[in-house]
Amino acid sequence: GESVGLHLPTLSVQEGDNSIINCAYSNSASDYFIWYKQESGKGPQFIIDIRSNMDKRQGQRVTVLLNKTVKHLSLQIAATQPGDSAVYFCAEARLIGNQFYFGTGTSLTVIP
Amino acid sequence: EPEVTQTPSHQVTQMGQEVILRCVPISNHLYFYWYRQILGQKVEFLVSFYNNEISEKSEIFDDQFSVERPDGSNFTLKIRSTKLEDSAMYFCASLFEASGNNEQFFGPGTRLTVL
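Protein chains in written order, with our numbering: chain R, 1 to 112; chain A, 1 to 115.
Worth flagging that the hints you see were computed from the coordinates, not collected in a lab. One thing to keep in mind: the hints can contain errors.
Listed next, with one range per pair, are the computed distances between beta-carbon atoms [stated by the list, open to error]:
hint, chain 1, residue 1, chain 2, residue 2, range
1, R, Ala78, A, Ser81, 43 to 53 Å
2, A, Glu59, R, Ile96, 14 to 24 Å
3, R, Glu15, A, Leu39, 24 to 34 Å
The beta-carbon is built from N, C-alpha and C at its ideal position, and this holds for glycine as well.
Go ahead and model the full structure; you've got the sequences and the hints to work with.
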């Protein structure tokens, strides 16, 4: 089956710095990728998505980069804030199949 | 703001018992999902549901699992005979349209504890 994984299980950054969270995926047929944020005791919360026909997409303080050549996805958070502390998951999907596969998660801790 | 709700927040059951986890998706959404998350592990896809039928399911979703949308409002996950390893957080999610806006909205989860 599909395999989605994260390079770093934990990441600590100083408040105000930029954060980069990485993710590798293995299924070249995946055409849709999503980043989710999960705070303790809550369900995943959609942050940003990107389709396979794009290599970059920007949101508010967040940017997702997709490198299909090496099957790599990253989430950049600008000016990280304490409220950004959470576990971040990437997920891959094939839109036609309507099935989503999550990575193992990276725990981001923002140091005030 | 519309949100996905789930009940109960915590379900404790004896091994071998049947449980039903309930979800109320956002009202105009068309696609519905169940996921589980074992403590400390990643979120795992179980099943997707569209147009009153299962559209995709994972290998986890065996014959012990079933889903239903009985009344156009609730979306339920039934586990017929629970096992210890079914203990996990179960998240429901809904999505308006898979080809356009693909943002899934997740509920707060039901913690299932099988003793």
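*Which numbered conditions among the earlier hints are violated in the structure presented, ordered from lowest to highest?*
Violated hints: none; all satisfied.
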